[in-house]
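> Residue numbers (this note's numbering), protein chains in the order written: chain E, 48 to 388; chain D, 48 to 388; chain R, 48 to 388; chain W, 48 to 388.
It is possible that part of the hints are untrue.
The list treats identical chains as one, so a pair stands whether inside a single copy or across any two.
As the list claims (entries may be wrong) - Taking lysine-lysine and the DSSO-like style, the derived pairs with C-alpha atoms no more than 27 Å apart in a straight line are:
1) K184 - K52
2) K100 - K214
3) K184 - K214
4) K131 - K144
5) K369 - K100
6) K345 - K313
7) K277 - K67
8) K52 - K67
9) K277 - K313
10) K277 - K358
11) K354 - K67
12) K345 - K67
Since the hints were derived computationally from the structure, they do not count as laboratory data.
None of the values given here were measured: they were computed from a predicted structure.
There are 4 protein chains.
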Amino acid sequence: MTTVKIGIVGLGRLGQGHAKNLAFNIPNCELYGACSPVVSELEWAQRALGVTKTYTDYADMVADPKIEAIFIASPSGFHCQQIKLAMTYGKHVFSEKPIGLDLAEIEETLAVIAAHPQQIFMLGFMRRYDESYQYAKGLVEAGELGELTLIRSYGIDPSEGLESFVKFAGASNSGGLFADMSIHDIDLVRWFTNQEVATVWAIGKNAAYPELDGVGELETGAAMLQLTDKTMGILVAGRNCQHGYHVETELIGTKGMLRIAQIPEKNLVTVMNQDGVVRPCSQNFPERFKQAFINETKEFVRCILAKEQPKVTGNDGLQATKVAIACQTSYEGQTLVKVEL
Amino acid sequence: MTTVKIGIVGLGRLGQGHAKNLAFNIPNCELYGACSPVVSELEWAQRALGVTKTYTDYADMVADPKIEAIFIASPSGFHCQQIKLAMTYGKHVFSEKPIGLDLAEIEETLAVIAAHPQQIFMLGFMRRYDESYQYAKGLVEAGELGELTLIRSYGIDPSEGLESFVKFAGASNSGGLFADMSIHDIDLVRWFTNQEVATVWAIGKNAAYPELDGVGELETGAAMLQLTDKTMGILVAGRNCQHGYHVETELIGTKGMLRIAQIPEKNLVTVMNQDGVVRPCSQNFPERFKQAFINETKEFVRCILAKEQPKVTGNDGLQATKVAIACQTSYEGQTLVKVEL
Amino acid sequence: MTTVKIGIVGLGRLGQGHAKNLAFNIPNCELYGACSPVVSELEWAQRALGVTKTYTDYADMVADPKIEAIFIASPSGFHCQQIKLAMTYGKHVFSEKPIGLDLAEIEETLAVIAAHPQQIFMLGFMRRYDESYQYAKGLVEAGELGELTLIRSYGIDPSEGLESFVKFAGASNSGGLFADMSIHDIDLVRWFTNQEVATVWAIGKNAAYPELDGVGELETGAAMLQLTDKTMGILVAGRNCQHGYHVETELIGTKGMLRIAQIPEKNLVTVMNQDGVVRPCSQNFPERFKQAFINETKEFVRCILAKEQPKVTGNDGLQATKVAIACQTSYEGQTLVKVEL
Amino acid sequence: MTTVKIGIVGLGRLGQGHAKNLAFNIPNCELYGACSPVVSELEWAQRALGVTKTYTDYADMVADPKIEAIFIASPSGFHCQQIKLAMTYGKHVFSEKPIGLDLAEIEETLAVIAAHPQQIFMLGFMRRYDESYQYAKGLVEAGELGELTLIRSYGIDPSEGLESFVKFAGASNSGGLFADMSIHDIDLVRWFTNQEVATVWAIGKNAAYPELDGVGELETGAAMLQLTDKTMGILVAGRNCQHGYHVETELIGTKGMLRIAQIPEKNLVTVMNQDGVVRPCSQNFPERFKQAFINETKEFVRCILAKEQPKVTGNDGLQATKVAIACQTSYEGQTLVKVEL
């Protein structure tokens, strides 16, 4: 059996999770290289993951002929240039979301990707690879719900991160709540409906931390989307979920409705105590999407070996970013915004 | 113990339910009179409910000095004039929702009500008297959810009525999906938040019966509301619920979330069979709100005896109608609509 | 419409609930008389319920020719003699469970009942009249579960009463956990299966209050039952439920399974907070079976007016008591016990 | 990093699952060898799993010095002798449950294991490694439920296998329902309570296939267990679950109750359609315990590398088998059976 040699860039919280998967949980691949400006992270990669080679300069890693594929888990602002460089060097590329922050730069990057059709490119919309989302997609495609008329998707981060977010909010450059949190939900809307978003209205409210108003950030926001075929979309995003990490998606069709994680059940345990009957919940995205992260990476490696492009494309990244920006524009301008197709 | 003598007008499906409650399930009241243009309905009221007196002319019933209170369950177009007449004759009045269809006429009616402050007036927003909604309201007022930031409310009618609705859609004069279905949800938004609706955007899609496009009706619609303090509201209304009658309300606050009937459970039974694990569901509003209809009528009688105005006022009817009309206007005009306060 | 004049005996906690229902919630009946040795309870009945006549001596009430039916909610030790006396005086009788504590006395009482076939006799196995149990029974009779092979039924009282129970345990003469708590579950086993119990084994454990061992009482007990056709029965009874009042019944059949109240949901509300996703629970039997108590009394009155014997018979009381006694015997003797049919 | 070379014996349905895990999903191990009398299975292991060496004779595999650990997934009747041989050859051993069918032979095997304390021995009670069971065990050990008083555990196989089971029932030599199905539940009872089983009573009923009576097999059975400290145990086992694979465990303690998989949810999806609100269910043990199988094997490899004995011991296998045999004896003899400690 062939093994794909992979180099990862970015060893922050998310990058470390990916690196561990590449080292231990994905068949047919070897985590050969790791790149980070932080030397202690590189030492960790060698010691804990058995990485062969480390780089402080990304240009060195992409130039290494031993490496066949690049796994990008660096800060969002670097994604576009790192994708382009890796593509130019003939590497397969997996990039975490978002593909980029600036529409022009994303389009330029898509052009580079398009110019290298033999190389695999995949974007990290991992929710599509979660077993529950896969099961739901299967039911939709089998026609079990009839024609979809409405999709509602929530992404609400646990409260425990909120205080720290507020502290650094002015400096975070998160792109705003919709770009930061809803981008996965927007991708799901497009994936389930096979439609593009035409018009959006976004609103929000800061109640626990009204000071967020001053820095243009939101605790909780909502957006309503009208898709090209009039299918309706509803997004709720937030940073203040007391019960953990609430990612939920609802599909309404002419033949039935379906909900994914209407309760974000941690496991199959129900506790009955003085609080009532309690379902413990997933507490964060690494817990909730642990298996989805593994599945998407297995798919990336499978696609490389099978010489087959994955179903998540660069264009998916472009469209989701467009809609997220439209939501932010709508929220700031207090007006309906049409999304340019 | 005193007994309140009541006369009911309107003995259609909803009226018959009210009449049975008044006759059998409400202490301290007597269903003395019944008014309907349909003679067979009056005969039924005498035979099955033991009503003492029947009237084919509403003017005769309100003029009857034996009757202390009028219960209005006639078609919506008659509500305003019947309320005004009853008020003028010194009667207490319970009116089914909506209080009226035309804003000017509603305001005129409110003026008449205001001119008779000794007489009880109550509007039939029965959901407020459902035990689950009462329990939720109690938690909100006790601060269990912190400050509310978002409220989502669904009202989706069972599919079994859809075909017939489509057949008569052109002639139904329902006022549109939002006036017809969402008015209860709008009342809940106002009740839970103690805020008014400032701006709305409403959209919709006809998929099972595209011919509804031609008559300005909707199978499924959604509206997003911005309230005066920026609290967010999301409404979904529909006429095509396969699993029964789906009325659900969600509250998101800074300290927690709460859902009323996220599954519209029929009772406490769970069936496990070849379909999986199944919760049977409420099939229609008389089933789901059976006890709420009784509770609101008990409250009406209690208020009469205690000489105390109920918490559901005529103004609640006016404001909910304003918002429903704004949603319809927004849907038709494909634009944001500000609600005049 | 005819009205049945009823006299109630026993105005303790359960009796008061029945008295309120008879006074306010049951059509076609009048709570005419009330009997209690406690004068303040009689005063309450006059003042709050509008009872016409009160008695401190039961013999006076049953002799009153105005009274057509007797409602027995006195302590269990009085049931048999009160039933017999009322029957002898030509009254219809509703008796709370258990029909009696001593098998010979119960059989004697059944003979008296049998000697007055024109008078209605009904026993208070109210769970049969709960809407969820009714719904389940309907599915069983429609064959939805196939042939039943196993039934499991739990009755666990809320913890809040346990400390007080322990304090008075030696003096309580409860008849033991199985007679006190499982008798309803035993009735359900017989009702759902249409079979009698042939053999039982009962065990128990005191952990929170080991001192209960000394007085022959149990915190938590379990019994396994083999029915005449080999259908299996499992009972769990207890006095230490932290989440409220847990009454649950499971049916396993050849075509499916069914559970009634696998979560004793208080209402349709789900709360999501720092504890996780929480379903609030019913806290006690008056809450859980509020409507069942009304339904059984409506049925009693309906049967009187329709001259029709109810489906809950005196024999149901006899058989359930037999099985409860067999469980207690088994627990004490640490052995299998055959129930005499 | 070190890699453990493993040889597997038995490539039936369960063995193939283990072999795939060893080949692809377990870090730090290599599936080096495979043994089966079926040549096509060995060819599959070479082709699909990349196994280096295959054996038709188990004696050859255990003698191979390259192999450090043996993974036994052969028919139950071979377990004891294969464990003993592998131990004698100095190998670490993982054996599927049951450890054996005959108590004397199991005790002899335990003696051999005890004579090789440097070699790891682990038994395949995989449920202990399921995340939900692990989470529950953690809560119990943290005292969240107080002292346990009752544990109920169900193991019911999907109906789809029943017809074929009935066909071959006479020849299957399953050891009976309790040895075949309840052995995992018995292990859970011992694991959660840290107690042994003292006395059992087991009953059963054949309703869908009464012909099973003739061959001493059961569709559905139940057993009640009294543990040494009076903790109660309830087991239900069956072969006729219409909704899939129902494995459920309930713990009742003085401070709370807990249920693992009271609904055997397949994933996080809820479907709402004409059947009601439906949770799709796990359909079989490979689906339900997919991750648990991986986790137990990871633990086996970790124990080898860490030179640490796993918490599942040979004695766990012996005790569970004793109790299963006692249940079968009780069922056949229609009597209480004491388990020899």
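> For K277 vs K313, is the C-alpha pair at or below 27 Å within one copy, between two copies, both, or neither?
Neither. Shortest intra-copy (35 Å) and inter-copy (33 Å) distances fail the 27 Å Cα cut-off.
> Regarding K345 and K67, is the shortest C-alpha distance of 27 Å or less found within a copy, between copies, in both, or in neither?
both (13 Å within a copy, 15 Å between copies)
> When no copy is named, should K184 and K214 be tagged within, between, both, or neither for a Cα gap of at most 27 Å?
neither (39 Å within a copy, 33 Å between copies)
> Please sort K277 with K358 into within, between, both or neither, judging by C-alpha distance up to 27 Å.
Within one copy, since 24 Å is at most 27 Å while 39 Å is not.
> With identical chains treated as interchangeable, where does the CA-CA distance between K277 and K67 reach 27 Å or less: within a copy, between copies, both, or neither?
neither (43 Å within a copy, 43 Å between copies)
> Have a look at K369 and K100 and pick one of within, between, both or neither, based on CA distance no larger than 27 Å.
neither (37 Å within a copy, 55 Å between copies)
> Indicate which option fits the pair K52, K67 if close means a Cα-Cα distance not exceeding 27 Å: within, between, both or neither.
both (14 Å within a copy, 22 Å between copies)
> At most 27 Å between C-alpha atoms: does K345 with K313 qualify within a copy, between copies, both, or neither?
both (23 Å within a copy, 22 Å between copies)
> Cα distance capped at 27 Å. Does K131 pair with K144 within a copy, between copies, both, or neither?
within (15 Å within a copy, 54 Å between copies)
> Between K100 and K214, at a C-alpha cutoff of 27 Å, which is it: within one copy, between copies, both, or neither?
neither (37 Å within a copy, 60 Å between copies)
> Between the shortest in-copy and the shortest cross-copy C-alpha distance, which are at most 27 Å for K354 and K67: within, between, both, or neither?
both (25 Å within a copy, 24 Å between copies)
> Is it within, between, both, or neither for K184 and K52, if the alpha carbons may be no more than 27 Å apart?
neither (32 Å within a copy, 40 Å between copies)
Going down the numbered hints, you'll see the structure goes against 1, 2, 3, 5, 7 and 9, while the others check out.
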